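Read off the chains here:
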Amino acid sequence: MIKFFQQIVNGLALGSIYSLIALGYTMVYGVLRLINFAHGDIYMVGAMVGYYAARIFTGGGSATRLGLVLLSSMLVCGLLGALIERLAYRPLRRAPKINALITAIGVSLFLEYFGQWLFGADPKSFPDLIESQQAFNFHGVVFNNIQLMIFIVSFLLMFGLRFIVQKTKIGKAMRAVSFSHVGSQLVGIPINRIISLTFVLGSVLAAAAGILLGLLNHKIDPLMGLMPGLKAFVAAVLGGIGNIPGALAGGLLMGIAETLVSGYISSTYQNALAFILLIVVLLVKPAGIFGKSSQEKV
Amino acid sequence: MSGFSFNDIYNAYTVHIVVLIGINIIMATSLNLIIGYTGQFNLGHAGFMALGAYSSAAFSVFAGPYLLSILGWSPLSFAEHVGFMAVGAHSSAAWLPASVAEQFVFIIAILLGGLAAALSGLALGLPTLRLRGDYLAIATLGFGEIIQVVIDNTKSVGGATGFTGIPRYSSFFSVYLCAALTLWVVGRMTRSSKGLSFKAIREDEIAALSLGIWNTRVKVTAFVTGAFFAGVGGALFAHFNNYLNSGTFNFLKSIEYVVMVVLGGMGNLWGVGAAAIFLTILSAALRRFSVWRTVIYSLLIIVIMIARSKGIAWKFWKKKEKGVSLSS
Numbered sequence: 001m002i003k004f005f006q007q008i009v010n011g012l013a014l015g016s017i018y019s020l021i022a023l024g025y026t027m028v029y030g031v032l033r034l035i036n037f038a039h040g041d042i043y044m045v046g047a048m049v050g051y052y053a054a055r056i057f058t059g060g061g062s063a064t065r066l067g068l069v070l071l072s073s074m075l076v077c078g079l080l081g082a083l084i085e086r087l088a089y090r091p092l093r094r095a096p097k098i099n100a101l102i103t104a105i106g107v108s109l110f111l112e113y114f115g116q117w118l119f120g121a122d123p124k125s126f127p128d129l130i131e132s133q134q135a136f137n138f139h140g141v142v143f144n145n146i147q148l149m150i151f152i153v154s155f156l157l158m159f160g161l162r163f164i165v166q167k168t169k170i171g172k173a174m175r176a177v178s179f180s181h182v183g184s185q186l187v188g189i190p191i192n193r194i195i196s197l198t199f200v201l202g203s204v205l206a207a208a209a210g211i212l213l214g215l216l217n218h219k220i221d222p223l224m225g226l227m228p229g230l231k232a233f234v235a236a237v238l239g240g241i242g243n244i245p246g247a248l249a250g251g252l253l254m255g256i257a258e259t260l261v262s263g264y265i266s267s268t269y270q271n272a273l274a275f276i277l278l279i280v281v282l283l284v285k286p287a288g289i290f291g292k293s294s295q296e297k298v
Numbered sequence: 001m002s003g004f005s006f007n008d009i010y011n012a013y014t015v016h017i018v019v020l021i022g023i024n025i026i027m028a029t030s031l032n033l034i035i036g037y038t039g040q041f042n043l044g045h046a047g048f049m050a051l052g053a054y055s056s057a058a059f060s061v062f063a064g065p066y067l068l069s070i071l072g073w074s075p076l077s078f079a080e081h082v083g084f085m086a087v088g089a090h091s092s093a094a095w096l097p098a099s100v101a102e103q104f105v106f107i108i109a110i111l112l113g114g115l116a117a118a119l120s121g122l123a124l125g126l127p128t129l130r131l132r133g134d135y136l137a138i139a140t141l142g143f144g145e146i147i148q149v150v151i152d153n154t155k156s157v158g159g160a161t162g163f164t165g166i167p168r169y170s171s172f173f174s175v176y177l178c179a180a181l182t183l184w185v186v187g188r189m190t191r192s193s194k195g196l197s198f199k200a201i202r203e204d205e206i207a208a209l210s211l212g213i214w215n216t217r218v219k220v221t222a223f224v225t226g227a228f229f230a231g232v233g234g235a236l237f238a239h240f241n242n243y244l245n246s247g248t249f250n251f252l253k254s255i256e257y258v259v260m261v262v263l264g265g266m267g268n269l270w271g272v273g274a275a276a277i278f279l280t281i282l283s284a285a286l287r288r289f290s291v292w293r294t295v296i297y298s299l300l301i302i303v304i305m306i307a308r309s310k311g312i313a314w315k316f317w318k319k320k321e322k323g324v325s326l327s328s
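Chains as they are written, first to last, in this note's numbering: chain U, 1 to 298; chain G, 1 to 328.
Since the hints were made in silico from the structure, they are not lab data.
All figures in this text were calculated on a predicted structure; none of them were measured in a lab.
Be careful, since some hints might not be right.
Some chain U residues close to chain G (C-beta under 8 Å, calculated; not the full set) [to be verified]: (1) L109; (2) W117; (3) L278.
Note that the Cβ used here is the ideal one computed from N, Cα and C, for glycine as well.
Extracted from the complex, chain U is given alone in its bound form (with noise of 0.2 Å):
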């Protein structure tokens, strides 16, 4: 029963980071109605972005040299996801959407592979930014303090999304345009800008995903973003594409289900999982869990 709770643990880590990719794709999925393939990507770059910086900034407390290095890799991150979005989807936004789609996927192999040039395709070891150690015992299950950490980061950013989405202006006008694009035009909202907004607001949650999960495996590469990337689509659509709290449950579950398969089953089946998971969830219940459903007019 041990093993099971620190299973859970271990997939809450996990999950938490699954969530902040999922959120960027939900929010471009809800703004464009386009699955981002290069979000994954873009949260590849976050980590290498903060291996990078967290050797330039050496001094100082861990507190502050974590802060440091995941603001600088959300800062790029932040100015990547814009330019992708200006230079690669803005030409196709009235395409057809296979075209958008091909874009997405091609920007997200462009960005693996000259990542492979630029960083090596290697793998790197994330430095430890802050000492693993024990954080609390409750009978037999471990909480590690890095996992305590991500669940900490991970939640702020979240409610801080939340906030931005549900309280600003500029959330209004998010959702405004997720509605209509047409309706928002209508009533003044500066909807490119809005949609590049979306972006960096997506880009910025997967570069701190990045970071966190540098912390967690030590171990990142060029390629790391392919498959979380499509777990975390998975993830958003798990709890309804579109929706913000359906994507945090959603990368919380898949993070448990992974874990749990894992160290039940076999590490093999690890990467299946995600896509029998979303089969099915697209069978019994195609909106999501959190998803209204809609009723689809001529």
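Got chain U sorted already, so can you dock chain G onto it with the hints?
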């Protein structure tokens, strides 16, 4: 410029590329039926190819020798199977010439590969084709990944280390015969009245439904037929390479075929064939840039998609119809 001598045509590498072009024509045309004509995003076409490749290869490796020993004349085995002792049967002539016997095994292997892929297409298509657009894309993508995991964990076909010792039955002629057959069948199907219902579903699913088109059935038909030919392509590929590795049939492979379909023009039979030829040659030509090859290829995908968002062939086609333009 260096001369292009006649010998170059028979250069092993050139033959390799030419055969690969044929296989890619089969793959792109079969995917064209699913994406181009019927409008169903399929990002797992390489999964069907893998199933066709592995099941056909398993047939010719495990059942092939036995079948050949029945077909091939040897006095002992013939006597055993038919039950009489031939007088003076010590002739070395085969009942079927060796190559014909092999071709016979090969044809069964191809059909088996196609059928395996078609069955999986049916199993995948029936539940998932209710999904629209992006969801279907991700579900099929997942199917491709699951197939890879399953192959990696199946020890009898080599698992993650790969499947070796597949007889080399594929030739230029068999590949191009199959390519021609694929083009003919897909061309015929899409020009029939059923073909119109493919296009109707692509244009507007709900409107098609209201016209009495049985959406699911038409979509599954397109899916299963496309999967069948993808399996055939896989079988040809397996018997050309002698070696299979699940990594060959990854997500990138599926994307390659999708790019062929979009570049050639969705639902344009000859355009997609031409795009298959063009992209295969391009990817072979980029090989000399080793590290940069993949970077250039991914950039090209983006540029092609932005520059010609309706496909190359589509523009040539549209120029003929003067004055009429549906899109702005």
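Taking the hints in turn, this is what the structure says about them:
no., hint, verdict
1, L109, "holds (4 Å)"
2, W117, "holds (6 Å)"
3, L278, "holds (5 Å)"
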